[in-house]
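Protein chains in written order, with this note's numbering: chain A, 1 to 141; chain B, 1 to 410.
Hints in this document: simulated from the structure, not taken from any laboratory.
All figures in this text were calculated on a predicted structure; none of them were measured in a lab.
Ideal Cβ positions, reconstructed from N, Cα and C, are used throughout, including at glycine.
It is possible that part of the hints are untrue.
Coverage of chain A stretches by chain B, computed from C-beta distances (three or more under 8 Å per stretch; other residues unrestricted) [claimed, not checked]:
#1 37-47
#2 55-68
#3 131-138
Pulled a few chain A residues facing chain B out of the computed Cβ check, cut under 10 Å [as the list claims (entries may be wrong)]:
#4 F15
#5 R16
#6 S18
#7 G22
#8 C80
#9 R118
#10 Y120
A short list of chain A residues far from chain B (calculated; beta carbon distances all over 12 Å) [unchecked claim]:
#11 L24
#12 D28
#13 E90
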Amino acid sequence: MAKESFYSAVLLDHFRHSRNKGELDGADIVRRGHNPRCGDEIEVGLYLQGEKLAQVKFRGRGCSVCMASASMMTEAVTGCSKQEAYHLWEEMRDLFGDGNENDVKHPTNNLQALSVVREYPARQRCVLISWEALRDALRGL
Amino acid sequence: MSESAFLLLENKIADFPLLQSAQHSCLHYLDNAATTQKPASVISAMADCYQSCYAPIHRGLYPLAAAATALYENSRVKLAGFIGAEKSEQIVFTRSTTEAINMVAWGWARNRLQAGDYIWVTRMEHHSNFLPWQRICKLCNAKLRIIELHEDGTLNLDAATELFSKRTRLIALCHVSNVLGGVNPVGALCEQAAALNIPVLVDAAQSVAHIPIDVGVLDCDFLVFSAHKMYGPTGIGALYAKSARLEEMEPLLLGGGMVDEVSDETRSWSAIPARFEAGSPNLADAVGFAAAVDYLGGIGMRRIEAHVDSLTRRAGAALARIDGLRLIAPMTPTSASIISFDMPGIHPHDIAQVLGECGVAVRAGHHCCQPLMHSLGLSATTRASFGVYNRQDDIDALLAAIDRVRRLFA
Chain A
1 MAKESFYSAV LLDHFRHSRN KGELDGADIV RRGHNPRCGD EIEVGLYLQG EKLAQVKFRG
61 RGCSVCMASA SMMTEAVTGC SKQEAYHLWE EMRDLFGDGN ENDVKHPTNN LQALSVVREY
121 PARQRCVLIS WEALRDALRG L
Chain B
1 MSESAFLLLE NKIADFPLLQ SAQHSCLHYL DNAATTQKPA SVISAMADCY QSCYAPIHRG
61 LYPLAAAATA LYENSRVKLA GFIGAEKSEQ IVFTRSTTEA INMVAWGWAR NRLQAGDYIW
121 VTRMEHHSNF LPWQRICKLC NAKLRIIELH EDGTLNLDAA TELFSKRTRL IALCHVSNVL
181 GGVNPVGALC EQAAALNIPV LVDAAQSVAH IPIDVGVLDC DFLVFSAHKM YGPTGIGALY
241 AKSARLEEME PLLLGGGMVD EVSDETRSWS AIPARFEAGS PNLADAVGFA AAVDYLGGIG
301 MRRIEAHVDS LTRRAGAALA RIDGLRLIAP MTPTSASIIS FDMPGIHPHD IAQVLGECGV
361 AVRAGHHCCQ PLMHSLGLSA TTRASFGVYN RQDDIDALLA AIDRVRRLFA
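Whole structure, please, built from the sequences with the hints as guidance.
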């Protein structure tokens, strides 16, 4: 049986009631994240005000982890500077990618709900799709 | 209905060490189309080989090497008998079904394919019976033609008007789809094709463990399958072919054991099947493969077919009654061991994850069938597949876990 429940209340809440989900009209830049292995597809749009990300929105389809991660991402980076947002991407990459365990910084905010996914390597890509779209959008600015 | 009234097999779990272990006592293994668990007889046959009869094959002149070679060739004889091949030389050991198909594509079809020719496959093929043909068709300016499906997942042969055209060089199709589960009418197709001298390759990866196969009756030119989906070891499969087809086939891998004479400029291939088995033969896996054949034969393929068919039907009927769940292909009179479904609004990976937490092992994804998924308008499905050790309690656990999925994501 499962160690810690994979589907926490926070994760399910972000899946059922995703924040900042909708059309990306008027975004300063839109980038796409995609996992052909499961058909998950997320588009992330950034709305800038000076150096700050005034609003971050997403649209697309995917599993609960993919959608919840995208929703949490938009909440986490809204209001951040471009550098702060990019730094958050790097932390998530280390957490769910090839990061060295010693360098990994565990999130203290609402992104904590995603930490359980680290125990399920097959689902780690689901977390990162929206973050990779964010990375590409930040690089494209 | 009591369990014994519909299940034809006594409980087989005792034959399978992993399923019997305390660690996996709560496991409901319904991922048999991906790979099956191994009976103790297969595991011990392989261990015995390493412990008491291991030496190089076709190479040593001492008694142990002769005994190991006899063991290897005896495995080939067992395989030939299992599928009704006339001669054991018609069985080539490969690494897998995939390798066997690639051998036929590159070693046989490529040299016979000309611009404008057709190779026919079906919409439901696994990538391994699709990509090799796609590549050689591109290479030879031939055309990969596809038999489309009816709504119910059966082959729409009427729409494949040029299937038996003079341009068709090969028809390659699965016996049972690894997604849809229905049994294709391979016998009738082979008969029609034979009348026009069109060779047929049957991918039996999903049928060989559940349906009796006799290539003498089926009359296909090529039949390919893997050991690991029929309770045997990973890493070994088989290519059966008519002797004339094997004579026409070029070896793909060149090296030791497949050549008689080599000079700076020339070489002469060994006799068949050694010609197609370059490198040191995979003795222990061949022994395990033969032990798997013995295991299936000991139960009887007809009884296995009835057991698995009965489980599949019962599970299919129960799943079809669930609100918010859709079977990808309706149960047909010839369903075999596999049921795919989706639950609109819930991603198959979430379904499989929750099922996994409930101890029910299924597969979710595109099942290496992206052309089929595209035509179904889906990116993935959830698949339950049955084997000899499955029982009613596995179906009950599946249904209970699906109920949990519905409650979690409602």
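Here's how the hints hold up against the structure:
1. 37-47: holds (count 4)
2. 55-68: holds (count 5)
3. 131-138: violated (count 0)
4. F15: holds, 8 Å
5. R16: Constraint on A:R16 satisfied, holds at 8 Å.
6. S18: violated, 13 Å
7. G22: With a closest approach of 18 Å, the A:G22 hint is violated.
8. C80: violated, 29 Å
9. R118: violated, 14 Å
10. Y120: Where the cut-off is 10 Å and the nearest Cβ of chain B is about 8 Å from A:Y120, the hint holds.
11. L24: holds, 21 Å
12. D28: Answer for A:D28: holds, closest chain B Cβ roughly 29 Å.
13. E90: About 26 Å separates A:E90 from the closest Cβ of chain B, which puts it past 12 Å; holds.
Violated hints, in rising order: 3, 6, 7, 8 and 9; the structure is consistent with all others.
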